[in-house]
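As they're listed, the protein sequences go chains A and B.
Its first residue numbered 864, the first sequence is counted upward by one per residue in our numbering.
Its first residue numbered 864, the second sequence is counted upward by one per residue in our numbering.
No wet-lab data here; the hints were simulated from the structure.
No experiment lies behind these values; they were computed from the predicted model shown.
Be careful, since some hints might not be right.
Since the list gives no way to pick out one identical chain from another, each pair is judged satisfied if it fits inside one copy or across any two copies.
When the alpha-carbon atoms are kept at most 25 angstroms apart in a straight line, the in silico DMTMM-like pairs for lysine to aspartate or glutamate are as follows [as the list claims (entries may be wrong)]: (1) K920 - D897; (2) K1026 - E1057; (3) K1205 - E1050; (4) K1252 - D1009; (5) K1161 - D875; (6) K920 - D1151; (7) K916 - E1242; (8) K1060 - E975; (9) K1061 - D954; (10) K874 - E975.
2 protein chains.
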Amino acid sequence: MTFAYENLFAKDVPAPAVRFAGYPKYNFIGGHNDPTLIPVEGLIEATAAALRKEGAKLAMYTAAQGSQGHLGLREFVKTKAKIRGIDCSTDDILITAGSGQGIDLINAVMLEPGDTVILEEFSYGGAINKLKREGQKIVGAPLDEDGLKIDALDNILADLKAKGVTPKYVYTIPTIQNPTGSIMPLERRRQLLEVAKKYGTLIFEDECYADLIWGGTKAPPAIYSLDGGAHVVHIGSFSKTLAPALRLGYCIADWGLMSRMIAARSDSGSGALEQMVVAEYFSQNFGDHVDELSETLKGKLDTMVEAIEREFGTAVEPWTPKGGIFLWMKLPDEVDIMRLVKPAADAGIALNPGPEWAVEGADSKSRLRLCFALTSQQEIRDGVAALAKVCYEQTGIPARSGNVRRS
Amino acid sequence: MTFAYENLFAKDVPAPAVRFAGYPKYNFIGGHNDPTLIPVEGLIEATAAALRKEGAKLAMYTAAQGSQGHLGLREFVKTKAKIRGIDCSTDDILITAGSGQGIDLINAVMLEPGDTVILEEFSYGGAINKLKREGQKIVGAPLDEDGLKIDALDNILADLKAKGVTPKYVYTIPTIQNPTGSIMPLERRRQLLEVAKKYGTLIFEDECYADLIWGGTKAPPAIYSLDGGAHVVHIGSFSKTLAPALRLGYCIADWGLMSRMIAARSDSGSGALEQMVVAEYFSQNFGDHVDELSETLKGKLDTMVEAIEREFGTAVEPWTPKGGIFLWMKLPDEVDIMRLVKPAADAGIALNPGPEWAVEGADSKSRLRLCFALTSQQEIRDGVAALAKVCYEQTGIPARSGNVRRS
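Bound conformation, chain A alone:
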């Protein structure tokens, strides 16, 4: 017997999911992290301490801490936000089920079908997908090596204004942009805020990767810190600094917005055990953990860049990131990356094709994003070589001479 009532489904029911079939050998997709750096013993200790302190509270919804989330974790977020220049109180913080829920709730409060929003031309695929699914119009704004180009954004906003359109927000990832890995300089952050205010639109600042910056680089303060929440909403995540399988992120926002986000939420809060454990662990170990993680990630990036140069030679233009877990790159124009996805999968390689990380898919038909965090150094070398082989077989690129590393 199979389900008898597919005829009763809603008209706009999404296409069925496919069964999970496990991960490929060379898994370069998504936001996975380094399994060797999950602090297992540290989390065990933190769990014991947290549960002995307040485990009985798990008998109450939200562990009796209300709909903004665990107070200890909000205290930690407040402390962490100071590193990004943000001076806020625990009342300004909402714990979410990953930063993805932050995006969902902001969208639920702000957007109706047909609304216009502005995204960076290359942006987080999840954010793009959510908007497309809900029927919003996405306008892409150009990027360079310092992130969003403010003059171009001003022109876009002026054009929209001439058509009577106020975009609901400008979604930006200013600090370790996804997928390009750039950091927006302070001056541009100030200009962005002025432009947003001039046209009456919200800045939606996603700082998911801002804690993972290579040693020596210091990022300018978050845009939220320049404004205090009147024109900016800020989200972040523990997926990248600790573990994506824990579903924890946060939003920093003025109560005028946050009170609506809470009202739009229907999940009775995020898991309180995970909140307690992360609060306990990170209030002791955040700096050390993130330093070790960043150092390991930088080593993996270097290995991947070397492998790319060795295997692809001049055929690839990588955007070298200043932190994070991704390498964004471009193959020659004649390569249609979407046509490589299936042969790559057959060879055990998963990659994120550029068109899924771009507002205008066609502009990035030769681009791709590789995550270097999950795989080992050896898997990175082998996986990149396997990818070059697939690419050559399908497209003749990289040309055999290009396989010789330039000196």
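Assemble the complex: chain A is given as a structure, and chain B must be docked to it using the hints.
The following block gives chain B in isolation, referenced to the frame of chain A:
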């Protein structure tokens, strides 16, 4: 400065939430549980075992187990489902963020605004609210001490059919009904399935409380077990058996439905640490934990019923539940329970007014639901006495003579 862009909110933005102000002294609302029975040391041990076994997997989204949830927890749900007569595989199980997410996902797949659904006349307030918010038409079907009255349901379905309406589902809580605490006999379960098939509508079976039944009573098998998923979808929860602040529930469904539910989900799965810990803890301790919990809850129910009889006398008609955490009762018709909510809150008492747990609010204007799980025995006695005092002050009921316990 406050948020500058309320003018940009979506037209249907929900009313703002209010700040959490802590819980009242006599907290008889919601689905809280007994704080003294959170197995703190057991959870600490389970966490250590689970993290040492598979903590490194937390570096991957869903702990590398795919969108149906942690395999170990699905194994446990499969074993537990056997107690309810359900023979299913881990492929038929979806772990959700509480059973509430199960409701949200089923609604997302099945419902459009204006659709009709059938609920029991008194039902879970959360389910009623979600439907009202989305603009569905809810038809209430009458209950008696054995749950849903099948003849009456058949008449309702015939009336709807005459109007050309096929309800999308019949939502039922057959085993420890919320709020009445009844258990539907096997014969009615079979009849319900036949009626649903006759009219071509889905049975949506919520068994949130089915694990908490007083010793000696044996519930008939779940309706899902009579059908295998062609005409029934089944949800359950760990909120009631372990802790509501962990956000874990499950759905058992045919893949034809589940594959759409997974596609409708946008949260990258439930927290994997909590899933690992519950799988580890309950695969060892489920029976013992639930037995102890049920025994304690039965003791608290007895205390509450005694207190109600002592304080309210003949003024109250309680529906004595066969398990769970709630007492549902009726005051005389002249009492408007909504008018007691505020004075009760001022006296430190929180209760769930009947109209919020009823499809037709007016029919239950004198009813209320009290949760007896969170408060101590003494708080139950004191809180019920305080409630009787508030009720008398506001309505003259219970009459003073009614305060004498009948022998």
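To see whether the hints hold, each was checked on the structure:
1. Only between protomers do K920 and D897 lie at most 25 angstroms apart by alpha-carbon distance; the minimum there is 9 angstroms, versus 32 angstroms within a single protomer.
2. Proximity of K1026 to E1057 under the C-alpha cut-off of 25 angstroms is restricted to the intra-copy arrangement: shortest distance 21 angstroms within a copy versus 58 angstroms between copies.
3. For the homomeric pair K1205 and E1050, neither the shortest alpha-carbon distance inside one copy (43 angstroms) nor that between copies (53 angstroms) is at most 25 angstroms.
4. For a Cα distance limit of 25 angstroms, the shortest separation of K1252 from D1009 qualifies neither inside one copy, at 33 angstroms, nor across copies, at 68 angstroms.
5. For a Cα distance limit of 25 angstroms, the shortest separation of K1161 from D875 qualifies neither inside one copy, at 44 angstroms, nor across copies, at 46 angstroms.
6. In the homo-oligomer, the alpha carbons of K920 and D1151 lie at most 25 angstroms apart only across protomers (21 angstroms), although the nearest pairing inside one protomer, at 30 angstroms, exceeds that limit.
7. For the identical chains of this complex, K916 and E1242 are inter-copy neighbours only, at 23 angstroms across copies versus 42 angstroms inside a copy, given an alpha-carbon limit of 25 angstroms.
8. Taking the shortest alpha-carbon separations for K1060 and E975, only the intra-copy value of 21 angstroms comes in at or below 25 angstroms, while the best inter-copy value is 37 angstroms.
9. Taking the shortest Cα distances, K1061 and D954 never come within 25 angstroms of each other, neither inside one copy (28 angstroms) nor across copies (53 angstroms).
10. With identical chains, the CA atoms of K874 and E975 are at most 25 angstroms apart both within one copy (18 angstroms) and between copies (8 angstroms).
Hints 3, 4, 5, 9, counting from the list given before, are not met by this structure.
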